[in-house]
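From first to last, the protein sequence lines are chains A, B and C.
Under this note's numbering, the first residue of the first sequence carries the number 1, and numbering increases by one thereafter.
Under this note's numbering, the first residue of the second sequence carries the number 1001, and numbering increases by one thereafter.
Under this note's numbering, the first residue of the third sequence carries the number 2001, and numbering increases by one thereafter.
Keep in mind that the hints were calculated from the coordinates and are not lab data.
Every residue, glycine too, gets a C-beta built ideally from N, C-alpha and C.
Possibly wrong hints are sitting among the right ones.
[Claimed, not checked] Quick look at which bits of chain C chain A covers, simulated, 3 or more residues with Cβ under 8 Å: (1) 2243-2255; (2) 2379-2388; (3) 2505-2518; (4) 2709-2715.
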Amino acid sequence: MEDRATITLTVNGLTQTRAVDARLLLSDFLRHDLGLTGTHVGCEHGVCGACTILLDGRSARSCLTLAIQADGATIETVEGLGRMGDLGRVQQAFRDHHGLQCGFCTPGFLMTITDMLRHHPLETDDQIREALSGNICRCTGYQHIVDAVRELARARGPLT
Amino acid sequence: MKPARFDYVRAESIAHAVEALAGAGGDGKVLAGGQSLMPMMNFRLVKPSVLVDINRIPDLDRITLEAGTLRLGALVRHRMTAEDVLVARHIPVLHAAMKHVAHLTVRNRGTFCGSVCHADPAAEMPMMTLLLDGTIHIASPRGTRTMPARDFLIGSLATALEPDEMVTAVDLAIPADGTGWAFEEFSRRHGDYALAAVAVLMERRDGRARNVRIAMMGIADTALRLSDVEAALEGREGTAEAFDEVVARLKASLAPNSDLNASADYRRHLAGALARRALADAWDRAREAHMEPA
Amino acid sequence: MTAFDASVEMRPKLVGQRIKRTEDPRLLTGSGRYVDDMNPQGVLHVALLRSDQPHARIRSIDVGEAFAVPGVVAIFDAGDIAGDFKPAIPTSRMKGYYATPFRPLAEGKVRYVGEPVVAVVAESRYAAEDALELISIDYEPLPVAVSKDEAAVDGAPLLHEEAGTNVIISRTFARGDVDAVIAAAPVVVKGRFRMTRKTPMPMETRSYLAEWDRRRQALTLHSSTNIPGIICDVLGTCLDLPGNRIRVVAPDVGGSFGGKGSLNHEEMLVCVLARKLERPVKFVADRMEDLTAMSQAFDETIEAELAVDADGHLLGLKADVIGDIGAYSIYPWTGALEPVQVVSFLPGPYRMEHYRGRVRGVLTPKPPTGPYRGVGRPSSTFAMERLMDMAARKLGMDPAEIRRRNLVTAEEFPYRTGSGIIWDRSAFQECLQGVCDLVDYPALVRQRDAARAEGRWVGIGFASYAELTGIGSRIAVAPGMPINTGTETASIRIDATGAVTAAFGISSHGQGLETTLAQVVADELGCRMEDIEIQHGDSALVPMGTGTYASRSAVLGGGAATKTARVVKTKVLKAAAFLMDVPAEDLEAEGGVIRARSSNATMTFREVAHAVYAQMGRIPHEQREDLVGSESYDPYLGTACASTHLAMVEIDPATFAVTVTRFAVAEDCGRIINPLIVDGQVHGAVAQGIGAALLEEVVHDDGGQLLTASLADYLVPIASTMPQIEILHVEAELPNNIGGFRGMGEGGTIGAPAAIANAVSDALAPLGIEVDTLPVAPDRLFRLVQAARASASG
Ligand SMILES: Cc1cc2nc3c(=O)[nH]c(=O)nc-3n(C[C@H](O)[C@H](O)[C@H](O)COP(=O)(O)OP(=O)(O)OC[C@H]3O[C@@H](n4cnc5c(N)ncnc54)[C@H](O)[C@@H]3O)c2cc1C
Ligand code: FES
Ligand code: FES
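Just chain A, same shape as in the assembly (with noise of 0.2 Å):
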């Protein structure tokens, strides 16, 4: 029983080790314990879909994950899907589409966009909208995003 322990887990393929307490938050954590501030804060209730991130490979809130549990875990997020002069897929398709404005809900879609390519059908708008919908974006309407994402869907290989 323990309210601190040593954590070691793979972020963005490279491995942390880290002391922290039991509550601290997995979003908090990454982003003001290893600064990958990408990963956002909306709400801290679940709702809002901004902390979204990559646990073992699929979409999960990382305000509703305790660092502590990640012990051991392999973590993706924003930081890792690309790079300002080299973008990742989700990433471009974003750009092309304008699915973006005030960019904060922006790092939540793209990991819940990239669980959901790899996973689920998204043949059509209503699939998508379906899939998009744990996501809050206050700016866009949705549309571009949505715009993005068919066009993810449509030049995807199968799904694994």
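Following the hints, complete the assembly by docking chains B and C with the ligands onto the known chain A.
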């Protein structure tokens, strides 16, 4: 919105978990998917002294077919239930219900058993457990026991679980072959908790409804089996008149609360409207028993 | 016919194109920098104990064991910081108005649930929240009048005793004799319309980081604000710091929608504490705090009566508006901003002689209302457009037709409305026609009628409106407000490498201004877009800048950019002319290259810049000029932006859920800088309007307690709520300002609620239902239908 301090235990086994709970002096909490517990901890509405993380306990993430039941272990995530072929084949009504549970990302983490333990009056899993005559498997340092779901779910966010107990699995009874089913739900936005939902099972023998089961939520402080209404339809022909009459009876029997989202009158109306659709759909889906080899 | 001021030389290359945004790469890769992304050495975190009382005297505060919590550094209440600042006073020249003083922490009494009372400063937010649990406040509850109607009556408990009343705003706009017109009119329709309270809900919560520079005795505030210049000025006054020792920077800002467009308690607080503690102090609101205490919106009741002649021509309109402005008059806009706009804009884009609009703004124990995308006009448009449809229905006239008969026509501009607003050339009629053509309105009507014949509840609704955008110095953005919102400055500099830096007083928070302004500068200056850096959101950039609000940035920022770029270009060409030995008139710049028309000679910007700055004597000293310029722009009058929205809805008779099946927008936003960005703004604003129409409502109970304190209770649109939005850009005559830009960015929020209310009313027309309250939540609709059926059968 940050959680208060607690001691953290990564349970290696069920025995380890329940010992840790027992050691918490009534103040321990099981952490499963965290999709309900963590928001409450972040709001500091719940402040456990010990948090027992069961996510690394082996073998709890299985859906298995036992005699006449499907067993869902404590780490079966909503996604697994939604995508499972056994569930789709044997309990299509549950398969249909899962589409209404939250959003895909929440489904990646949230567990069936966790939802039953959380006992939110607007959650699908407790209601489906009631519908499917569920049995709850419970472990504690004192041993194991089982309990019917209807005894387990006692109120809004309240169950019969003791502080040193955890749920290890839920058994759901597989409906007989050819059983008609329907699931109807209304929520303000896709993936939100329901304002009301109804699930129906019925068999059809010799042109009559048999073994009618109706579960509903959004009308009381917990999901309910509507045994009066079930009895009223039992043995009757599935005609529009029969359904109308049963629905009228249902509405008359309800005394829902008014809240932020809905007045009592609206809830009553909604319950009736959803039930009407569901009864007809279940009847239409049911296959005549004598036409099927048993 | 275009009268806009474009130089003949200019061959637009970038303006008008769907240019991908320059801000995107950083935001897409997690390299953006929002306030909470900054963690200077030694930063301290603030958590606030907020009032749980709507109106109470603070008897005493007991901090208990809070200081013993590991990591707690300090705890403050109002008394502890009393000498450290002067309150902000949201003054106005309005008659009879009382300016409520605004402070970081409640002093003496609390006036709404959520008002900050005690601040804990700690090494982490976790520790600060631990300490909050140990602090208790002893309140003496005071009587409350929670609703605006109760609060407005004589003898109601006073929130601010010094004001002597809760009704601190009271105005009337009138023209003609509306009572006589109504008495004599063949057709009169009336209603009592309610637009309920909303919260802006930007995705980034309010975030502030103040740093005190001990060496310079200077303060830097990083704030998630969209008005850094205004915040800087007021904090300078409150903290008694000259402008060169206070700087407010808005880094990347995660949306505002009005919620970050006013001064906040917490924003003042971190500054006071950083100076006091001489350490960086950060406050990041959590979502519950934003839902509880960010400035809120709307909350008016509009009683209105419209008189129409037998042919559907508008005769007169009479309205009595009461606005619930919350517990404080917000800085700097005052509580008048929203309700007074309602009566100013109520006559809409229509020709109508007689008008009287009376408005009262009432203090209530709730968070202050402030700016919100659309300001006033979502409510006024909702009321007016409902009345238009009610009149059409009474006359048996098509709703498109009644609008066609009354929208101000091209020949009538400039047209002064009954409230005194002057509409200048804008495509009122063309937008209506445009949206009808876009959706094939007659076909849509047939579709609706066929559905109706099957007993389905399907309806179509219009909303036509106009807004003033890019307002110059003739009119204050808020009534009587003594801040200059009519001027914008640009400062452009080319350095020795030929790189262009253009600085503005505006403050983008999602609108893509870095891209659009770069497009304008590149075209005007003739340089390459990738050589330009647009700077904004920093009070230190230009001498006077207020920020981005009221759809002003494209008009004012674009105008200032154009003027300044022309000045700098003249200098570049003058230098090039000397270097290339051709007359300046013979030169043109494009894509970073300067060419002589009469020869093949060329020079790049980089070469010219290098010659000017780095090659001593290359240009004779008396001719050499730095390649810089700074110009301000004031359009003086504003411009109008017109639009018509059309919504088609279907209502599920079992659940009373409204589904928007079609949504179309025809709008005139002048010369479009970047269609991609304009479409995005329309989509987002329409989503917000659909939210206001169907989902969003801040609910306080009878005791003043907030019931919608989480995102599971305050419902905003998600992807599956939204239809595909169809947009038509009507580019009618360009306005008479530099560049020909009209502002936009708020419009969708103005039209959508009214269009949906009309569509829902149309769908339920067989039952005679007229929607008068938004949102039309299922429960509300259910009760309307029940009542209609009861009165039909009874
Ligand atoms: C945005 C959002 C939307 C949602 N929408 C819906 C929805 O539409 N419908 C719906 O049904 N749910 C919804 N949920 C809740 C979700 O389904 C949760 O996953 C579920 O309620 C709880 O499961 P969990 O595994 O996450 O449990 P946890 O959050 O880990 O635990 C919940 C409670 O159960 C206890 N508990 C958990 N497992 C056990 C166990 N094995 N033994 C004893 N006690 C246990 C915990 O101690 C805690 O008290 C939503 C959640 C979010 C964040
Ligand atoms: S911050 Fe995690 S879901 Fe909103
Ligand atoms: S881009 Fe601003 S919230 Fe989505």
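Taking the hints in turn, this is what the structure says about them:
1. 2243-2255: n = 4 at 8 Å, threshold three: holds.
2. 2379-2388: violated (count 0)
3. 2505-2518: holds (count 4)
4. 2709-2715: holds (count 3)
Violated hint: 2 only; the structure is consistent with all others.
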